[in-house]
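Peer 1: When you get a sec, could you build the whole thing from the sequences and use the hints?
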Amino acid sequence: MKIDPELCIACEACLPYCPMAAISMKDDIATIDEDECVDCNVCLKSGVCPVDAFVFEPAPWPRSLRTTFSDPRTEHKETKIAGRGTEEMKTNEVTGRFHRGWVGMGCEFGRPGIGTRFRDVDKVAQVLAKHGVEFEAKNPVTFLMEDTKTGKIREDVLNEKVLSGIIECIYPIEKFEEIMNALKEVSKEIDTVFSCEVINRADPDGSYPLRKLMDKLGISYRINGKQNVGLGKPAADV
Amino acid sequence: MTHTLHRRGNAESLSEDYVILMIQAIGHNEEGHREKVKQFLRIALRHNAINIGSVSMGGMIDKAEEVIANVDKIGHAVFGNQEDVTAVLKELKEADLGLSVVVSGIYEKVDECLEKAGLKHHTGNFSLGVWGKTEKLPEEEVLEITTMCGHALIAPNLVKEMAKEIKAGTKTPENAAKLLAPQCACGVFNTSRAAKLLKAMADK
Numbered sequence: 032m033k034i035d036p037e038l039c040i041a042c043e044a045c046l047p048y049c050p051m052a053a054i055s056m057k058d059d060i061a062t063i064d065e066d067e068c069v070d071c072n073v074c075l076k077s078g079v080c081p082v083d084a085f086v087f088e089p090a091p092w093p094r095s096l097r098t099t100f101s102d103p104r105t106e107h108k109e110t111k112i113a114g115r116g117t118e119e120m121k122t123n124e125v126t127g128r129f130h131r132g133w134v135g136m137g138c139e140f141g142r143p144g145i146g147t148r149f150r151d152v153d154k155v156a157q158v159l160a161k162h163g164v165e166f167e168a169k170n171p172v173t174f175l176m177e178d179t180k181t182g183k184i185r186e187d188v189l190n191e192k193v194l195s196g197i198i199e200c201i202y203p204i205e206k207f208e209e210i211m212n213a214l215k216e217v218s219k220e221i222d223t224v225f226s227c228e229v230i231n232r233a234d235p236d237g238s239y240p241l242r243k244l245m246d247k248l249g250i251s252y253r254i255n256g257k258q259n260v261g262l263g264k265p266a267a268d269v
Numbered sequence: 067m068t069h070t071l072h073r074r075g076n077a078e079s080l081s082e083d084y085v086i087l088m089i090q091a092i093g094h095n096e097e098g099h100r101e102k103v104k105q106f107l108r109i110a111l112r113h114n115a116i117n118i119g120s121v122s123m124g125g126m127i128d129k130a131e132e133v134i135a136n137v138d139k140i141g142h143a144v145f146g147n148q149e150d151v152t153a154v155l156k157e158l159k160e161a162d163l164g165l166s167v168v169v170s171g172i173y174e175k176v177d178e179c180l181e182k183a184g185l186k187h188h189t190g191n192f193s194l195g196v197w198g199k200t201e202k203l204p205e206e207e208v209l210e211i212t213t214m215c216g217h218a219l220i221a222p223n224l225v226k227e228m229a230k231e232i233k234a235g236t237k238t239p240e241n242a243a244k245l246l247a248p249q250c251a252c253g254v255f256n257t258s259r260a261a262k263l264l265k266a267m268a269d270k
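Chains X and U are the protein sequences, given in the same order.
Be aware that the first sequence starts at 32, since it is given in our numbering, and climbs by one per residue.
Be aware that the second sequence starts at 67, since it is given in our numbering, and climbs by one per residue.
It is possible that some hints are incorrect.
Claimed, not checked - Listed below are the simulated BS3-like cross-link pairs for lysine-lysine, each with C-alpha atoms no more than 30 Å apart in a straight line: (1) LYS199(U) with LYS215(X); (2) LYS104(U) with LYS169(X); (3) LYS154(X) with LYS76(X); (4) LYS219(X) with LYS243(X); (5) LYS104(U) with LYS264(X); (6) LYS182(U) with LYS264(X); (7) LYS244(U) with LYS230(U); (8) LYS57(X) with LYS237(U); (9) LYS226(U) with LYS76(X); (10) LYS33(X) with LYS244(U); (11) LYS76(X) with LYS244(U); (12) LYS169(X) with LYS199(U).
None of these hints come from the bench; they were simulated from the model.
The structure displayed is predicted, hence computed values, not measured ones.
Peer 2: Listed below in structure tokens is the structure:
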């Protein structure tokens, strides 16, 4: 994203709208720090500029990733899903993606509101790969991996900054404690944050085995979350 | 897409914050999905939805018909109490539209709604919070508002600016919340809760 200096009237109205705080005043003109800008288009689409000074031109690879990962109104060509991730547990009763005895996990980098370079995503993905997780094939971050066995993300995208990017994976519930410990260690080495989530299929009695395990291990989770209520059809055997 | 999972706040505040979404499963039940999502949004509006939206249109409770007309693969609706959530779930069960339905909110309260509607949870999604360099995060009072847009499109500085304007008397909390809402591309922003949180920020 750029601001046309010939059009900008220095009203400063756009400054607070940037989720990355990448707009500042320089020589009485609003200017975007292009390295910090994630091309999310929030400034442009907010309509805040009274003189339409924002200029967006689709960027070539690899900068093009910034918009596809940062503007949820943009559909990923590979996954046909807008935003950063997949349908994950939202359609589990139909897709059968998360079976009993398994844990789904998502690490959403840059969220909330910090942004991330892919080099931080790469560090964590490689650690998870060493612990044998299975990365979700339809996830946009997985598409950026050179090898899903190692979790290594391709070199040419590592410096790209996005509003957020999600690693999505599954593993047997028996590995949960080991993976939580590994995640805790590698989280000390990154320069951003990630919101962590886990997914579990309920047992026939309505209980979540993973919830019991988290209680036993002293792993805290928020009081609020998401629940699929099983109305989708055709029902999968899951 | 975990855009309604990591909403922050205390139990009292979150007890006024629920999101119901309807989504098609790509490759499984795509036929006629748009009409079904439209039907869902109309049900939501009948039961006092605070906001509705879709990824393609954003959230525009003031332009509900426009949102409904243009909805595609997924529809969202925000509610402020268990009674409305229960009423929507009862209607969705009866309508038997065949698309997936997900409810976000405090687990225990959502489960109470499900039971009253004759439904059971199938799969759960739990937030383990924020990991890594958490010292970079904005203040908690700001996060409680910004995380109501799960795609992080609401800028922390804009929230602070709104609180300043409320304090200065140039905006009401409700007007400030309405100004923030369109930044959220999916329409999952809870304007009623945001107005309360903004007022609390301004009153400090």
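Peer 1: Are the hints correct? Go through all of them and say.
Peer 2: Evaluated hints:
A C-alpha spacing of about 12 Å is found between LYS199(U) and LYS215(X), which places the hinted pair at or below 30 Å, so the restraint holds. Pair hint LYS104(U) plus LYS169(X) holds up; C-alpha atoms about 27 Å apart against a cutoff of 30 Å. Straight-line distance between C-alpha atoms of LYS154(X) and LYS76(X) comes to about 33 Å, which puts the hinted pair past the 30 Å bound. The hinted pair formed by LYS219(X) and LYS243(X) meets the criterion: a straight-line CA distance of about 27 Å does not exceed 30 Å.
Restraint check for LYS104(U) and LYS264(X): satisfied, since their Cα atoms lie roughly 18 Å apart, inside the 30 Å limit. Distance check on the hinted pair: LYS182(U) and LYS264(X) sit about 22 Å apart at the alpha-carbon level, within 30 Å; holds. Between LYS244(U) and LYS230(U) the alpha-carbon distance is near 15 Å, which keeps this suggested pair within the 30 Å criterion. Between LYS57(X) and LYS237(U), the direct Cα distance comes to roughly 29 Å. Compliance with the 30 Å bound is thereby established for this hinted pair.
At roughly 20 Å between alpha-carbon atoms, LYS226(U) and LYS76(X) fall within 30 Å of each other, so this suggested pair holds. Only pairs whose Cα atoms come within 30 Å are accepted, and LYS33(X) paired with LYS244(U) is accepted, the gap being roughly 27 Å. The suggested pairing of LYS76(X) with LYS244(U) holds, with an alpha-carbon distance near 16 Å, which does not exceed 30 Å. The straight-line distance between the Cα atoms of LYS169(X) and LYS199(U) is roughly 28 Å, inside the 30 Å bound, and the hint therefore holds.
Hint 3 from the list above is the single one not met by this structure.
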